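Quick note, the sequences are listed as chains A and B, same order.
Here the first sequence stands for residues 1 to 68, where the numbers follow UniProt numbering.
Here the second sequence stands for residues 1 to 172, where the numbers follow UniProt numbering.
None of these hints come from the bench; they were simulated from the model.
Mixed in with the good hints there might be a few duds.
With a cut-off of at most 30 Å between alpha-carbon atoms, the simulated DSSO-like pairs for lysine-lysine come out as follows [unchecked claim]: (1) B:Lys88 x B:Lys104; (2) A:Lys9 x B:Lys89; (3) B:Lys109 x B:Lys60; (4) A:Lys9 x B:Lys109; (5) B:Lys169 x B:Lys104; (6) B:Lys109 x B:Lys169; (7) B:Lys169 x A:Lys9; (8) B:Lys169 x B:Lys60.
Which residues of chain A face chain B? A few of them, derived with a C-beta cut under 10 Å, are [as the list claims (entries may be wrong)]: (9) Ala25; (10) Thr28; (11) Leu31; (12) Tyr37; (13) Ser40.
On a predicted model such as this, the values are computed, not experimentally measured, just so you know.
Using N, Cα and C, we set each Cβ at its ideal position, and we do this for glycine too.
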Amino acid sequence: MNRVREYRKYLNFTQMDLAQLVGVARQTINLIENDNYNPSLALCINIAIALDTDLNTLFWEEIKHEKQ
Amino acid sequence: MKNNKVGNFFIKRFYGIDDILDEYKESQVNRFGNIAFITLLSYLILSTFIAFLIYLVNIKWAFIFIITSNTLLWFIYLCLGSWFIRLKKLDHIDVPSDDVNSVKQRYLKRAWGTGIGFGIGMYALSIILAVISGDSTLHESIGNVSNIITALFEGVIFGVCTYCWYLRKLKK
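Build the full structure now, drawing on both the sequences and the hints.
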C-alpha cells in the first residue's frame, strides 16, 4: 500500500485538491490511494512534488522475503 | 506529455467523458478501443464474405443484410461501450451541490439534441429501408404518418433514456 493518502491528509488536502494540483480526475487519485491503479512515473513525480516529498517515501514498498 | 487537444476532444465526446481525460481514463479507453478495433476488423471481413455469398443469390437481400447487421452491431457496441464506461466509472463527474441545477439544465439540452438526432436518424433509416426493399416509393415513405409517429416516439424514448443516463453520471 502506498502512502499517498497518509501524506495528503497530513497536508489537509482533499482528493479533489490533489487531483487539481497534478491535473488528473479525483477518481484517479482515489484509485491510486487504494492501489487499484499503477500511475505512470510522470504522475508519481507530480504527486510527490504536490505532496512535498519524494518518490521513495510515497511509493517504495519493502519486500519481505520469507525464509524457507 | 502528449497534448493532442483535437483527439482528446473527440475521444471525450465519443465516450461521454465530461471530466478531465487523464492517463487512467486514456489507458482504459485505449484498451476498449483496441478490442473494438480487432473485433470490428474481424466483423468487416466476415460480413463482407457473407454479403458476397448472399449477393450471388439475391442483391436486395445482400443490402438488407449489410444494413441490418451494421445497425445491430452499432447497437451492441453502444451497449457494450456504455457498460464499460459505467464499469470503469470513466464518466463520473464531481459537481458541487450549488452547481447541480445548472449541470442538469445543460444535460437536458443535450438530451433534447440527442433525442431529436436519433428520431431523425431512425426516420431516415426507415425511409431508406422501405425504398430499398421496394415496399413503397420515396414520396410515400416520406409522407407516411406511421413512420413519423414511430420516429417521434423513438426520439422521445431515446432522449428520456439519455437524460436519465446523464443524471446517473453526476456525483454530488
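Checking against the hints above, which ones are violated? 3, 4 and 8
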